[in-house]
Amino acid sequence: MGADILVVAEHKDGKVKKTACELLTVARTLAAARGGKVLAAVLGPGAGQAAAELGAWGAETVLVGEAGFEAYASLKWTRAICEAAAARRPAAILMSVSSLSRDLAGRVAARAQAALASDCTALSAEGDGFKIVRPMLAGRALVTAVHAGPGPLLATLRPNVFTAEKPAAPAAGTVEALACADDPRDQRVVVKSFAAGGGTRPELTEAAVVVSGGRSLGSADAFKVIYDLADALGAAAGASRAAVDAGYAPHSMQVGQTGKTVSPVLYIACGISGAIQHLAGMRTSKYIVAINTDPNAPIFKLADYGIVGDLFEVVPALTEEVNKAKA
Amino acid sequence: MKIAVCVKLVPSTTALIRVSADGKALDCTGVEMVMSPYDEFALEEALKARDKAAGSEILVVSVGGDGAAKNLEQAYALGVDQCVHVKAPDADAAAAARCAAAVLKTFAPDLVFCGRQAIDDDQWLFPGMLGELLDLPHVTAASSFALSADNAKAECKRRIEGGEETIEIALPALISAEKGLNDPRSPTLKGRLNAKKKTVTVKTPAELGLDAAAMAPALKVEGYAPPPPKSAGKVIAKPAKEAAAELVKLLREEAKVI
Numbered sequence: 155m156g157a158d159i160l161v162v163a164e165h166k167d168g169k170v171k172k173t174a175c176e177l178l179t180v181a182r183t184l185a186a187a188r189g190g191k192v193l194a195a196v197l198g199p200g201a202g203q204a205a206a207e208l209g210a211w212g213a214e215t216v217l218v219g220e221a222g223f224e225a226y227a228s229l230k231w232t233r234a235i236c237e238a239a240a241a242r243r244p245a246a247i248l249m250s251v252s253s254l255s256r257d258l259a260g261r262v263a264a265r266a267q268a269a270l271a272s273d274c275t276a277l278s279a280e281g282d283g284f285k286i287v288r289p290m291l292a293g294r295a296l297v298t299a300v301h302a303g304p305g306p307l308l309a310t311l312r313p314n315v316f317t318a319e320k321p322a323a324p325a326a327g328t329v330e331a332l333a334c335a336d337d338p339r340d341q342r343v344v345v346k347s348f349a350a351g352g353g354t355r356p357e358l359t360e361a362a363v364v365v366s367g368g369r370s371l372g373s374a375d376a377f378k379v380i381y382d383l384a385d386a387l388g389a390a391a392g393a394s395r396a397a398v399d400a401g402y403a404p405h406s407m408q409v410g411q412t413g414k415t416v417s418p419v420l421y422i423a424c425g426i427s428g429a430i431q432h433l434a435g436m437r438t439s440k441y442i443v444a445i446n447t448d449p450n451a452p453i454f455k456l457a458d459y460g461i462v463g464d465l466f467e468v469v470p471a472l473t474e475e476v477n478k479a480k481a
Numbered sequence: 166m167k168i169a170v171c172v173k174l175v176p177s178t179t180a181l182i183r184v185s186a187d188g189k190a191l192d193c194t195g196v197e198m199v200m201s202p203y204d205e206f207a208l209e210e211a212l213k214a215r216d217k218a219a220g221s222e223i224l225v226v227s228v229g230g231d232g233a234a235k236n237l238e239q240a241y242a243l244g245v246d247q248c249v250h251v252k253a254p255d256a257d258a259a260a261a262a263r264c265a266a267a268v269l270k271t272f273a274p275d276l277v278f279c280g281r282q283a284i285d286d287d288q289w290l291f292p293g294m295l296g297e298l299l300d301l302p303h304v305t306a307a308s309s310f311a312l313s314a315d316n317a318k319a320e321c322k323r324r325i326e327g328g329e330e331t332i333e334i335a336l337p338a339l340i341s342a343e344k345g346l347n348d349p350r351s352p353t354l355k356g357r358l359n360a361k362k363k364t365v366t367v368k369t370p371a372e373l374g375l376d377a378a379a380m381a382p383a384l385k386v387e388g389y390a391p392p393p394p395k396s397a398g399k400v401i402a403k404p405a406k407e408a409a410a411e412l413v414k415l416l417r418e419e420a421k422v423i
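The listed protein sequences correspond, in order, to chains L and C. Using the working numbering, you'd call the opening residue of the first sequence number 155 and step up by one each time. Using the working numbering, you'd call the opening residue of the second sequence number 166 and step up by one each time.
Isolated chain C (complex conformation) (with noise of 0.2 Å):
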């Protein structure tokens, strides 16, 4: 089988994001930079994937400014068969689809894996993008995720409103990870120094056929801004009895919420 995989390189979750003085940019100087922590059950499932179909083949595709290179490093050192980058650092989730609708439409995979949503620009956007760029169908945000014995098909688990389906998918298909979908192995150190020796390949959007108009963003970004500051609360100092009974009446007759 051939297995794809999407990875992005974001801020980590703990990460101080500061805005600009003009509030024109995100200032992530010095900002620890990590793969999409969805992205990294998407890789431990087509890992998953690979052990079950001998002779299978994994192709990790990752779009974005050089820092991607880290998270290719990483990808190899677990032990996938071939990286791209694609330079594209202002891509947004769009542009960033079809980039790696342009690498994968020439390895044709049966799989492909991606997290459910970047943790930098929260949009949900590129799985269900890139199916539609590719023509596969997809899952979105999957728990589980098993192949059948031919693996001619999977059956996945997703969580929605009210309690959980159970969804039946022709392969080829597009597989959005949900958190817990598996549990990541971590890279052994040979797979760490066998990285060193692999080579990532480097794509330009031009070398792949997308021009600026492709490459252009969706919005337009006027500014970025922190959250709007919380004037001070109140705080209740007393008894827990008088302290709840407080709270009932300010709730209901002050904040009208209850």
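With the rest of the complex left out, here is chain L (with noise of 0.2 Å):
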């Protein structure tokens, strides 16, 4: 095991995601603390565009993987990875948490014999080793855990909870090629197509502010005073699983522990009781605003800012003021 980082970087159509920046950050930190490098690796149509910014983010060499990852495939994606991995031997591999993580991490841990620490909240280097902090259990309980090899530590990051701060000056990002040969197996898993939902709003799991809505909203038309606020704050928008089960909002929108984790900056939650499986959906948001018409609502007690009263007046109210503020 050797003494760099590899991050593995994502990025949208070449696009280097603020995750990414994130991942990189804690990188350098890390790589000071061991006296090694920060690597990156990135994959897929506008790898090549990326690798400056990531230079600029800290990368001292930028693996990049354009040619033949066209279209996303696990089993190749793990193979670039796990090849990267054996080459440079770098001591931690960070990740965001993403759909893309999600579906690699697994396996790229078992394949590089490495240690995955999933969500992480908490990341140093301790000793030879690191030093995690992950949520379990939903958020109730966090378990403090120490790595030290034999292989390499496989860490997820939560997006948002570490901050991203670029370098004074840039690293040099030298690009290299990461060359992984086609291997008709990998075409034993394939993505046939790709349907755009969701909206104009930013990713729910990404977004810096994220306004949801309760039961309390009555109907899914009522959610549009939920997509107002989250409009003029550019952010987006969440549900609770009562509204989901009761059909105001789909599936995708649903915070909690049987739909999406989101850490935002702000959580903005409207008409939301605060049931224990919605808390952990969203219990490490930086900051946390209530508003709710029972001043009892359990979402109070994890409030930062609390509003009791009627949704149906404070939000609309709470709309014009940010376009107010905004103008």
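Keep in mind that a hint or two might mislead.
[What the hints assert, rightly or not] Below, a list of computed lysine-lysine pairs in the BS3-like style, where the Cα atoms sit at most 30 Å apart:
id, chain 1, residue 1, chain 2, residue 2
1, C, Lys421, L, Lys169
2, C, Lys421, L, Lys166
3, C, Lys399, L, Lys478
Rather than coming from a laboratory, the hints here were simulated on the basis of the structure.
With the hints as a guide, bring both chains together as one complex.
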């Protein structure tokens, strides 16, 4: 095991995602502590274009896989990351919590003989190894654990928990091709098509601000007040399980134990009482705002700011105030 | 077809979890234990696949402590053919995947179903690792699953950032289940009575050829803690319009988040 830190950097059509910048910021600290370098692997269409930006965020070397990576294929992606890991022998491999890492991490851990720690909310160099903190039992407990090899640590990091900070001076960002030959066996599982959905709002799991509605909205149409506030804030829209089960919002919007886990900078819960399953999906948010008619709703125990009142009056008023403040 | 399902017994979603006084362990005394909810979708999908492909059999594997027998009785009540319990109360997700792989290597399944994550450790590790150990392609968090007419491949849907993928996977394959993949059936009274007559095959990791190194935890746990307590928040007790104005001011000037 070497001292380098390998970041699997996600991007969209060559534009580096904020989550990748968060990983690179953490990777710089870890690499400095270990006396190693920050490496980035970037795969898929536009990967080459992302390389310069990854250098600016501190990647000394950027391993680019573009030709042969036109369409996502989990077996090929696994092979590429594992071959890079085998060649560079990083002390740790970092990924963001995303659909990509959910799909790949287990396979990569098995093949690269890495120890996986998912959803880390803290990660530091500790002696010859690393120390991580991660929530388990849907956030009902936090576990602290150390890794000391023999293989690398594979950590997935929760978005928005680590702050992305650009280094004072860019790193070299030297581009190297991530060569990975085609193998017909990779075709055993392929993405045939992709249907875009979800509209123009940011992705729920990545958004810096999330506005969520509960069952007290009463109908799918009433969710408009939630969408209006979300749009005023440039936020993603979420929903409680009760609202989803009642048919007011699609399952893709569900925040909670059997839905999505979000960790935004600001979470605004509107008409959500705060069932334990819902808290599981949002309790690591930095600031929590609760708007509810019931002053005893459990959500207020977690809220930094609370308004006891009717969401149908408070939320539109908030939208108006946000728009006023922007003007 | 040979179909395998992996299930895990976990504390129920509403259970109150306490941390021991020394912070070294989680105290689950008196906590209701249930089948991890995503595993219920996996089990149902296996039953549906068996209904479709005549002559199929289902093997269910559960790795864990003695309580795992509860899961397996539930599986028998639903009508699965065989159950194996690997007794490994301290196995982490990676060790559990090695145990399941050792059982399934001899079974040689055409299809393996598991939940996308166990809701106790929340690692999302097991399905991908098991797929790798068995050299099976996998789909993570499938929200739909349809076998082709000849049972040689399947089409799955998977929700990802910004939309939904349609994925084609060749059998043999491993599928991890998302909530809503299906509507799990309940056991019938006859099923429950039959379950009492069935026996679970019990194995130890050593009997499966797994040594102490294979079962060693991937990370050394230093301790557990309850989620950090939050200090009391600010409640704005004003009429809607004034409260909204004050909240926006606080979010801009105090929290500096908008």
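Hint-by-hint comparison with the structure:
Between Lys421 (chain C) and Lys169 (chain L), the direct Cα distance comes to roughly 27 Å. Compliance with the 30 Å bound is thereby established for this hinted pair. A threshold of 30 Å between alpha carbons decides the hint, and for Lys421 (chain C) with Lys166 (chain L) the separation of about 28 Å falls inside it, so the pair holds. Taken as a hint, the Lys399 (chain C) and Lys478 (chain L) pair is honoured in the structure, with Cα atoms around 23 Å apart against an allowance of 30 Å.
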